[in-house]
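From first to last, the protein sequence lines stand for chains P and D. Under our numbering, the final residue of the first sequence carries the number 191; numbering is consecutive throughout. Under our numbering, the final residue of the second sequence carries the number 133; numbering is consecutive throughout.
For the record, the hints were derived by calculation from the structure and aren't laboratory data. Careful, some of the hints might be misleading.
If we take Cβ atoms under 8 Å as the criterion, some of the chain P residues that face chain D in the derived model are [claimed, not checked]:
#, residue
1, Leu-124
2, Arg-127
3, Phe-168
4, Asn-177
5, Gln-178
6, Phe-179
7, Phe-181
8, Thr-183
Sample of chain P residues with no beta-carbon within 12 Å of chain D, all distances over it, derived [unchecked claim]:
#, residue
9, Ser-107
10, Ser-186
11, Pro-191
Glycine included, every Cβ here is placed at the ideal spot set by N, Cα and C.
Next come the chains, spelled out residue by residue.
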Amino acid sequence: AQTVTQSQPEMSVQEAETVTLSCTYDTSESDYYLFWYKQPPSRQMILVIRQEAYKQQNATENRFSVNFQKAAKSFSLKISDSQLGDAAMYFCAYRSAGRNQFYFGTGTSLTVIP
Amino acid sequence: SAVISQKPSRDICQRGTSLTIQCQVDSQVTMMFWYRQQPGQSLTLIATANQGSEATYESGFVIDKFPISRPNLTFSTLTVSNMSPEDSSIYLCSVKGGPSTDTQYFGPGTRLTVL
Numbered sequence: 078a079q080t081v082t083q084s085q086p087e088m089s090v091q092e093a094e095t096v097t098l099s100c101t102y103d104t105s106e107s108d109y110y111l112f113w114y115k116q117p118p119s120r121q122m123i124l125v126i127r128q129e130a131y132k133q134q135n136a137t138e139n140r141f142s143v144n145f146q147k148a149a150k151s152f153s154l155k156i157s158d159s160q161l162g163d164a165a166m167y168f169c170a171y172r173s174a175g176r177n178q179f180y181f182g183t184g185t186s187l188t189v190i191p
Numbered sequence: 019s020a021v022i023s024q025k026p027s028r029d030i031c032q033r034g035t036s037l038t039i040q041c042q043v044d045s046q047v048t049m050m051f052w053y054r055q056q057p058g059q060s061l062t063l064i065a066t067a068n069q070g071s072e073a074t075y076e077s078g079f080v081i082d083k084f085p086i087s088r089p090n091l092t093f094s095t096l097t098v099s100n101m102s103p104e105d106s107s108i109y110l111c112s113v114k115g116g117p118s119t120d121t122q123y124f125g126p127g128t129r130l131t132v133l
């Protein structure tokens with residue numbers, strides 16, 4: 078089975094600064110999708126950003142961007158100009174193309190310091 | 019994106035009882051997913067529920083413990099049976115965004131505490 082590893086249980090960032098959350102995964106497949114989800118204290122999981130493995134260009138959504146290194150099986154999330162509302166648990170997730178099951182990492186708890 | 023609601027949002031139950039969690043989606047979806055998130059842990063898929071067929075359970079989860087119903091394309095229930103304190107978790111319902119999308123959307127979750 079695929080595994081997703083988030084090696085940073087907790088991270089903190091000063092408001093307006095930039096922070097990078099790490100994620101690595103293990104797979105033998107070549108076609109897959111990667112996701113970052115955000116889970117604020119209210120518990121609702123929200124999709125932050127997604128990346129198709131066949132695309133070399135890194136995905137970007139406003140202040141959120143990824144650094145996708147397919148050969149290294151690395152998928153980090155960069156949050157620029159951090160805001161207090163960014164404080165949440167962030168989960169990295171993997172999904173094989175053609176399958177429905179998601180594999181989630183253990184999460185990184187992000188604190189934003191005013 | 020799909021809008022998903024769950025009932026109840028939280029509950030405290032006694033050991034040995036059962037709780038049924040409801041999941042309602044604002045659009046018709048073929049597949050619905052049930053996840054468990056134990057305290058401080060990541061999400062673990064319990065089962066996939068297709069309308070009109072029996073749910074498919076992941077390793078470590080069985081129908082007798084987590085029976086699932088899927089009566090139509092917008093609704094599903096998950097029952098946690100004969101509960102023990104180890105069942106204390108957040109249970110999340112999830113759906114795919116659509117046949118042409120690879121993204122899943124999640125409900126707000128049900129926080130279950132078993133005493």
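Numbers of unmet hints, in rising order: 10
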